[in-house]
Amino acid sequence: MVFEDQLRGSELHGRDDAGRDRFSQMIGDGWAILFSHPKDFTPVCTTELGYMARLKPEFDKRHTKIIGLSVDPVENHSKWALDIEETQGHAVNYPMIGDTRTQGGDALRHAARGCRHHLQRPHRCRQTLPCARSSSSARTRRSRRC
Amino acid sequence: MRSVFVIGPDKKIKAMLTYPMSTGRNFDEVLRLLDSCQLTAKHTVATPVNWRPGEDVIIPPAVSDAAAKEKFPGGWKTVKPYLRVVAQPS
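Keeping their order, the protein sequence lines are chains A and B. For the record, in the first sequence the residue sitting at position 78 is 78 according to the numbering used here, with numbers rising by one throughout. For the record, in the second sequence the residue sitting at position 70 is 70 according to the numbering used here, with numbers rising by one throughout.
Since the hints were made in silico from the structure, they are not lab data. Cβ coordinates follow ideal geometry from the N, Cα and C atoms, glycine included. Keep in mind that a hint or two might mislead.
[As the list claims (entries may be wrong)] Pairs of lysine-lysine residues, derived as DSS-like cross-links and limited to a Cα-Cα distance of at most 25 Å, are as follows: (1) B:11 - A:61; (2) A:56 - B:11; (3) B:12 - B:42; (4) B:69 - B:42; (5) B:11 - A:65; (6) B:69 - A:61; (7) B:80 - A:61; (8) A:61 - A:39; (9) A:56 - B:42; (10) A:56 - B:12; (11) B:69 - A:65; (12) A:65 - B:42; (13) B:80 - B:69.
[As the list claims (entries may be wrong)] Where chain B lies over chain A, by a calculated footprint (3+ residues, C-beta under 8 Å): (14) 23 to 34; (15) 42 to 55; (16) 58 to 72.
All chains should be built: construct the whole structure from the sequences, respecting the hints.
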């Protein structure tokens, strides 16, 4: 799946330190990690986002952008970011997309759908998977006959 | 949904993780996953269980011994015909 195409029209809003607000502009031509959270001001996500802020220098070394995503508006993200810094000791230092229009993320649905067709598999799977499927389906056929 | 997508420079998804609401993710693992994705995008290798950067990697079965000789002139260890281990390329 080509993310840029799938996300077009989804009105994903976020901000990064360069003021870019489109997903495709944020990720540019390099690697990216997109991670979603269910809702702002939730406990588990507060710990996750704080830890991700701590790890950001490691992703920078790998020339990889990190971008958060939730259904809450960007204004909420900013308020929540203060809590994250206060409780986790690390300020959010990456963009967080507020996908308010689709309420749950066209991005995620598109990603899940696209992944079935385009997730790149290691070469070894191309050889071994068909064999596994054959034996599995053979067993199924045998069990049905029984 | 608590998901993670690793997206390559070609804007294609290379990996996807989904966790339940009640379980926080392990972002150290995401970093390890990214290291593997970036390495295997650059070199024709695969990474074994619990691989960490710098450790030996695997030559995929799709690479013949003849082709492997060109790619890995320093040699490799054949554990089984389908399991060939080589030092991580730089």
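Holds or violated: residue 65 (chain A) to residue 42 (chain B), with C-alpha atoms at most 25 Å apart = Holds: residue 65 (chain A) and residue 42 (chain B) sit about 19 Å apart, inside 25 Å.
ask   = Taking 8 Å as the C-beta cutoff, is the stated coverage of the segment 23 to 34 of chain A by chain B satisfied by three or more residues?
value = holds (count 8)
request  = For the pair we were handed, residue 56 (chain A) and residue 12 (chain B), check the Cα-Cα distance against 25 Å.
outcome  = holds (22 Å)
query = Between residue 12 (chain B) and residue 42 (chain B), is the straight-line Cα distance small enough, at 25 Å or below?
reply = Between residue 12 (chain B) and residue 42 (chain B) the Cα gap is close to 15 Å, so the pair holds against 25 Å.
ask   = Given the proposed pairing of residue 69 (chain B) with residue 61 (chain A), does the C-alpha separation stay at or below 25 Å?
value = violated (32 Å)
query = Are residue 11 (chain B) and residue 61 (chain A) close enough, with their CA atoms no more than 25 Å apart?
reply = Holds: residue 11 (chain B) and residue 61 (chain A) sit about 19 Å apart, inside 25 Å.
request  = Quickly compare the C-alpha distance for residue 69 (chain B) and residue 42 (chain B) to 25 Å and report which way the hint goes.
outcome  = Between residue 69 (chain B) and residue 42 (chain B) the Cα gap is close to 18 Å, so the pair holds against 25 Å.
message = Can you confirm whether chain B covers the segment 42 to 55 of chain A, using C-beta to C-beta distances below 8 Å and requiring at least three such residues?
response = Answer holds; 7 residues pass the 8 Å Cβ test.
request  = Would you mind confirming whether the straight-line C-alpha gap from residue 11 (chain B) to residue 65 (chain A) stays at or under 25 Å?
outcome  = This hinted pair holds, its Cα atoms lying about 12 Å apart.
Distance restraint between residue 80 (chain B) and residue 61 (chain A), which requires alpha-carbon spacing of 25 Å or less = violated (36 Å)
query = CA of residue 80 (chain B) to CA of residue 69 (chain B), is that 25 Å or under?
reply = Satisfied, since the Cα-Cα distance of roughly 17 Å is no more than 25 Å.
key: Distance restraint between residue 61 (chain A) and residue 39 (chain A), which requires alpha-carbon spacing of 25 Å or less   = Outside the cut-off at roughly 29 Å; violated.
In this structure, the hints that do not hold are numbers 6, 7, 8, 11, in rising order.
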